[in-house]
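Chain by chain, the residues run as shown.
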Amino acid sequence: MTDLGLPMLNYAVVSGRVKVLHEIKRTKYDSYLLEFVLENTVEVASSDGGTVPVESLIDVEIWGAMAEEYGKKLTPGCHVIVEGRLASVVFEDKTRIARNRMILRAREVQMLDHSNP
Amino acid sequence: MTINLRMPSINRVFISGNLVADPRVNILESGVRVANFRIANNQSYRLKDGSWGEKTHMVDVVAWRKTAELVEQFLHKGSPVIVEGELQTSTWKAQDGTERSRVEILARRVQFLERQGGAQRPREDVPQERRLEPASEEPPDMDGEYDDIPF
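Sequences listed follow chains A and B, in order. Just so you know, this note's numbering puts 88 at position 88 of the first sequence, and the rest follows in order with no gaps. Just so you know, this note's numbering puts 21 at position 21 of the second sequence, and the rest follows in order with no gaps.
Simulated from the structure, these hints should not be mistaken for lab results. Bear in mind that the values here come from a model prediction, so they are computed numbers and not experimental data. Incorrect hints may appear among the rest.
As the list claims (entries may be wrong) - Computed Cβ-Cβ distance ranges for the label pairs, DEER-style:
hint	chain 1	residue 1	chain 2	residue 2	range
1	A	V20	B	K93	15 to 25 Å
2	B	E54	A	S46	34 to 44 Å
3	B	K93	A	K73	44 to 54 Å
4	A	G49	B	R109	22 to 32 Å
5	A	E23	B	K66	43 to 53 Å
6	B	Q73	A	D3	22 to 32 Å
7	B	G53	A	E43	34 to 44 Å
8	B	I27	A	E83	17 to 27 Å
9	B	G97	A	K73	18 to 28 Å
10	B	E99	A	S46	38 to 48 Å
As the list claims (entries may be wrong) - Which chain B residues stay away from chain A? Per the calculated CB distances, all over 12 Å, these:
hint	residue
11	N26
12	D49
13	T56
14	E114
Stated by the list, open to error - The calculated lysine-lysine pairs, modelled on DSS-like cross-linking and capped at a C-alpha distance of 30 Å, are:
hint	chain 1	residue 1	chain 2	residue 2
15	B	K48	A	K72
16	B	K48	A	K28
17	A	K25	B	K48
18	B	K48	A	K94
19	A	K25	B	K66
20	A	K94	B	K93
Heads up, the beta-carbon is just placed ideally off N, CA and C, and yes, glycines get one too.
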């Protein structure tokens, strides 16, 4: 019997609207970073047989040359599909406790609005 | 030719990892079971000198109903799993009254990858269709407890 290792799997694909777009930054490692909040809405079955929209807000990071490119193209309200990996970043909350925040680190971004190719 | 299409609704995640602690399971007043667990996902990346580095990312997962039952029954600290689901924002009021939120994976399917010598264990649970779940209590605080990963 062959011993198998745990597959290294980390893939996420999410569509939505750019809700909050931050200014593009240059990091101390001399790389560009663009962050935005993606609003994803899915229709979920409710107990009365219908559906209700459920919104989620997901923090997205784009790095490097892609950040430069989309820093010029993205605007709040744009419709996009983001593919990438989940990552966790550590931050301190107001009480100085270290907390984990999950983000989506983009590998590909597709813009769906006609006015933005 | 311009085609005006509806906005697609896409939200899908596939992630593997090991549980950093035993899952926490609560039974709500309605009788619905909810399981929360955190998995450590390892990612390799190439360093500037050409060698490989590794980083571990912590991902929170929530499972409901039958999936939560199976998670409680078969998963424990260190269990290797593959989780399929979708990203969702969970919001709640903390004890100090402030509104807090976090992004987590709502598990639709959990594959249990650990080989068991004798005991029978399902290879995976039945995929769950998403439905509107009852409002949950404040989810367990999983930060600050799992600094030492034993594996």
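How the hints compare with the structure:
1. A:V20 / B:K93: 15 to 25 Å: holds, 23 Å
2. B:E54 / A:S46: 34 to 44 Å: holds, 43 Å
3. B:K93 / A:K73: 44 to 54 Å: violated, 38 Å
4. A:G49 / B:R109: 22 to 32 Å: holds, 24 Å
5. A:E23 / B:K66: 43 to 53 Å: Roughly 45 Å apart at Cβ, these two residues keep to the hinted range, so it holds.
6. B:Q73 / A:D3: 22 to 32 Å: holds, 25 Å
7. B:G53 / A:E43: 34 to 44 Å: holds, 41 Å
8. B:I27 / A:E83: 17 to 27 Å: The hinted range 17 to 27 Å is violated for I27 (chain B) and E83 (chain A), with Cβ atoms some 37 Å apart.
9. B:G97 / A:K73: 18 to 28 Å: Given about 40 Å between the Cβ atoms, the range is violated.
10. B:E99 / A:S46: 38 to 48 Å: With Cβ atoms ~23 Å apart, the hint is violated.
11. N26: holds, 20 Å
12. D49: Since the minimum Cβ distance to chain A is about 15 Å, D49 (chain B) lies beyond 12 Å and the statement holds.
13. T56: Label violated. Min Cβ-Cβ 8 Å, cutoff 12 Å.
14. E114: Label violated. Min Cβ-Cβ 10 Å, cutoff 12 Å.
15. B:K48 / A:K72: holds, 28 Å
16. B:K48 / A:K28: With Cα atoms ~16 Å apart, K48 (chain B) and K28 (chain A) stay inside 30 Å; holds.
17. A:K25 / B:K48: Holds, at about 22 Å.
18. B:K48 / A:K94: Roughly 35 Å between the alpha carbons, so the hint for K48 (chain B) and K94 (chain A) is violated.
19. A:K25 / B:K66: Cα-Cα ~45 Å, so violated.
20. A:K94 / B:K93: holds, 15 Å
Against the hints set out earlier in the document, violations occur for numbers 3, 8, 9, 10, 13, 14, 18, 19.
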